[in-house]
Each structure stands twice: as structure tokens, then as C-alpha cells.
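The primary structure of each chain is shown beneath.
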Amino acid sequence: MPLTRAQVRHVAQLARIGLEPGDEEFYAEQLSGILEHIDRLQEVDTDAIPPTAQVVEVTNPLREDVPRPGLTQEEALANAPAAVNGFFRVPSIQEEA
Amino acid sequence: MSELTELTIAEAARLLRLHSISATELVTAHVERIDHVDHLVKAFLRFTPELYERQADDADEKLKRGEGGPLTGIPLAVKDVLCVKGVETTAGSQILRGFKPPYTSTAVARLFEAGAVMLGVTNCDEFAMGSSTENSGYFPTHNPWDLDRVPGGSSGGSAAAVAAGEAMISLGTDTGGSIRQPAAVCGVVGMKPTYGRVSRYGLIAFASSLDQIGPFARSVEDAALVLEAMAGHDPLDATCSDRPNDVRRDFDKGVKGMRLGVPYEYTQVEGMERGVKDAIDAAIKTLEQAGAEIVDVKLPHTDYGLAAYYIIAPAECSSNLARFDGVKYGLSVQDVDNITEMYMRTRRQGFGTEVRRRIMLGTYALSSGYYDAYYLKAQKVRTLIKRDFDDAFSKCDAIVSATSPVVAFPIGSRTEDPLSMYLCDVLTLGGNLAGLPGISLPCGTSQGLPVGLQVLAPQWREDVALRVARAYEVASGVKAEVAAVG
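Here the protein sequences line up with chains A and B, keeping their order. Residue 493 in our numbering sits at position 27 of the first sequence, with consecutive numbering throughout. Residue 906 in our numbering sits at position 285 of the second sequence, with consecutive numbering throughout.
By construction, these hints were calculated from the structure, which means they are not laboratory data. The model shown is predicted, which means the values in this text are computed figures rather than measured ones. Hints are not guaranteed to be accurate.
Unchecked claim - Label-pair distances were calculated between CB atoms; the ranges are:
1) B:G1033 <-> A:T470: 28 to 34 Å
2) A:A514 <-> B:G707: 50 to 56 Å
3) B:E891 <-> A:A549: 38 to 44 Å
4) A:D511 <-> B:P856: 37 to 43 Å
5) A:E509 <-> B:R944: 32 to 38 Å
6) B:R880 <-> A:G499: 36 to 42 Å
7) A:T470 <-> B:G690: 57 to 63 Å
8) A:L528 <-> B:D1012: 44 to 50 Å
All C-beta atoms in this analysis are idealised placements derived from N, C-alpha and C, irrespective of residue type, glycine included.
Using the sequences and the accompanying hints, generate a full structural model.
What follows is the structure, encoded as C-alpha cells:
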């Protein structure tokens, strides 16, 4: 099922990926091509088949809950594009409608 | 070319222990080789002289005292997805340019503890998404055997570095074939362990239910030594198993009496080249002559593997890559009115075409109204693919096939058609979906280019995969050679 340009805009918004001129057509065409291949999954009868999210037998191992040092504030902020007074600085959030 | 850049670990370790050479000499020979060929191969993104000078000194101190193990002083290259404290690590992406991790990944830390010497960081497809290293956010890497061709991917830089004699060993990651396929087309050995064998702590995640870290080397034994040094429980990765680290058990016992399965479907995949098929048929014949019993097995859902993979991997990637938002590290577009605009412009500018394509695909597959049709469906098909392997392994000890249906292809020849690129992984991604260990090793050439033989084993049976690979290496006499380059 081909992807429409409206769907591309919706998915881009969900994924927080900006669209530049030409992107809508590009994704619509390329993703439709890939989805056409993927649609063959619908041929497989999976009614009685459970899903697999994880393939090995390890389940919820727990470690001792003891305090240990983590990153310092300085280390945590060392790669920040914008930091101020020990915080990550971000553009205005409240102005969003 | 110096002989020192053609050694295996076993050979180098012997010379180091006899004090015939020093670790510093061994490392210097590799640095000179890099100076000589890397402007052509472009395997490395950056070099780490502060690390390798100090680590080579440390190795020499240990060797002088008669201490150290097989990896002491061995020159190592690390794929740009494994964090090394203080060393710029970017996942081949502009969005992480300048990022210096505050900690070291467990896999790399264990090799450092074992005495390996890190030469530098190798190129890869951005966030390990690709089969040719052309999706690097920096530059493409070239195949040392033919500089106009790709080295495979996504761990193309790591494979090319070992093939060109720029490093003795290297690390890659394999989510759908990203170690085995570049190993095959560069003519070296590459191994993907069982999911959970090697800790993923400090690995920049692509698809968390599929990713595994593994070695490249020029012999099966070297790959086994590196894997053994990295493997084993790590409290920092909850999926990392505490099973015994027995990967080298029975290493030299040969294949006599073993049953090796040849899946019919793997011989018939779309785009399989005649020369590759011939080389694989000859390799299987060699294993039979070495005493293995060759049996037919079936993997009936092979045709659906690629489709399931290209839902599951993009879905997981769309979730994992949400963290690259311009706030905590890396690129951040700052001249914006609000935070949503910052996210959207940062991610549009920082991610390359393939990464954006996969995030979009994964987001779509997980979005409201499509989850059942795509993601849940793919996970159910994953169950069927895993059952196919379970059935096959009830009839054989290991599965043998081609690693890649094609030899290294010309740079630029598949970039326009993503599906043609994805088809490179059709023989490897089943191993990821089922969590199996798999190894690729050289088994001759087609059109003058390397062909790789893949051995897949049941979960946790790296020992079986390595034993079969070793037996082929001995019986065939085919060795991973260092490419002359240029």
C-alpha cells in the first residue's frame, strides 16, 4: 500500500524529523517501494504464532541495589551543545501551542 | 609492506614473548602501514596516538616482566559505534560530531585489560545502517582488493583495516550481517556471537534485540581469541548471559562425524552470483572430504526474513535514535523559535538519508493503526524463522552457506535503490533474528574478489561454529591474505 504525502508529513511529525523541499516525494516513493516488499508478510498465516521480542532465555536479571558513583554534573554536561548554571539549556517550551 | 603487518596473533605473540620484537615495534609497523595505504582505503575516521603510545609502552613493560596474555601488544581498530572514554565516537554520523563519551564500552575495556593496543576508530555506515559503508556521514571506505569497490558494511572500515594490514584485529557490530558481510567481501574472518554473549554496554544502539559486537581477524583462531577475551557476563547489560565462556572448546577437533546442513533456500536467493555459488559448493565439498556429513535442511520462511527484519530493525532504531535531539550531545540547531523546531531541524540536518529513511519506516510501523499489521506481524514471523532454525538444527550440528550472495560491488552501484542494498543481507539477517552465532571466513574468489563461507550454529554454540570454520581453514589451506593495495 503506497504511502501518501499526508502520511509522510504525519510520520515526520511523529519522528520529529523536519521536511525540506522534495523530502515528501522522496520518502513517499522510497518507503512505498520498501513497504511493497514488506507486504509479503501478510501471506504468512500467523494466527496461532506468538510474537518474539527477545530470542535468548535471559529474563529480568537483577543486581544488588547498592549506591555507586555515577557521572558528575560536569561529566554529564561535558558534551552539551548549550549548558547554563549546571543545566542543559533548551529553547522555549511554553510558547508551543 | 612489513612482515609485521601480516602476522596473526599467534605468530605475533610468539615473537613478543621471545622479545624478538617489541609491542612498540609492532604498533609502529602498523602505523607506518596506515600512513602508506589509508589515504587510499580510508578505513579510519580518526587515530588515537595518545592511547596507542601509552598502551604499547604498558604492553612492553608487561612483556619484559614475562607477563601478559595472547592479546598483549596486539594492534586493534575499533568501529565508531563503541564508546571509548575521551575518544571522539560518532557512529559515523554528523549528529554526533565532537561527542566524547564519559565511559568505555565493556567489550573494548576487556580488550584493553587483555593488553590490546588501540590504533584508532574505523569508518562505518551511519548508525551501522547499511551494507557498503557508503552511508557514512564522513566519506566512503574502499575495498583493499579493488579500490573502486565497497568494503561491505556496516563495519566496512574495520573489515578493510584488517584486510589491508592496517590493524591485526578489529571490532565490528552485526545487526543484520554487518560483521559477516564485510568480512566476506574483504576476505577476512568476521564473527557475530550469540545474542547475549558479549555485553552491549557502551555500544551506540541501533536495534537492541539484534545488535551484537564481534571480532574481525585474519585467522579463525585470532577471531576466537578476541571473542573469548570480550565474552561473558556483565552486570551493566541485562541481556548479557552468565553462561560459561567456552567458545574455544573443541576448537581443533575437526569436522569428522559432524553433520553440516545446507539449506536449499539459501542456495536459491535472489541475485546469487554464479561464481559465489561455485566457491561455496567447492567449500562444502572440502568439508565433506574432511569427514563431515552434508545434509539437506530447510528454512522455509527465508523469503520473509528480509521483510520481517526491515520492520523490526527500523522500529527499534526509531525508538533508540529518539535520544538524538540536540539537547544532551552532538549537533544542535540553535536559531529556532521553540523546542520542536530545534528537534526537527537538528534531526533533519544531523541524520543522513538512510538513517532518516529507517526512522521514518520504523515510526510508521509503530504508529497507531499500523502496529498490528507491521510490528506485531513481523515479530510473529520472527518466531517462525527461529523455529525454522530449531528444526534445521535438529538435523545438523551447523549450517553452511554463502555469507553474501554477491562479491564486493562497485561504489555507487546500489545507492539509488535501497532494496537492492538490503538484499545483500538476505543470508545473514536470519542469524540475527534467531540470535545465532555465525562466522564468515574466506573460501576463495570469484571475479578475482573474495568470497565468504558462513557457518551458523545453534545459540551459545560458538564452539561449533569456530570448530567447523577452523576445520575448513585447515583442510582448504585458504588463508586470509593481506591485500597489496594500490
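Verification of the hints:
1. Against the hinted window of 28 to 34 Å, the Cβ-Cβ separation of G1033 (chain B) and T470 (chain A) comes to about 31 Å, which satisfies the hint.
2. Distance hint for A514 (chain A) and G707 (chain B): a CB-CB separation of about 52 Å, consistent with the stated range 50 to 56 Å.
3. The hint said 38 to 44 Å for the Cβ distance between E891 (chain B) and A549 (chain A), and at roughly 51 Å that hint is violated.
4. For the hinted restraint 37 to 43 Å between D511 (chain A) and P856 (chain B), the CB-CB distance of approximately 42 Å keeps it satisfied.
5. Separated by about 36 Å at the C-beta atoms, E509 (chain A) and R944 (chain B) satisfy the suggested range of 32 to 38 Å.
6. The supplied range of 36 to 42 Å is met by R880 (chain B) and G499 (chain A), whose beta-carbon atoms lie about 40 Å from each other.
7. At about 59 Å, the CB distance of T470 (chain A) to G690 (chain B) agrees with the hint of 57 to 63 Å.
8. Distance hint check for L528 (chain A) and D1012 (chain B): the Cβ-Cβ separation is about 34 Å, which falls outside the suggested range of 44 to 50 Å.
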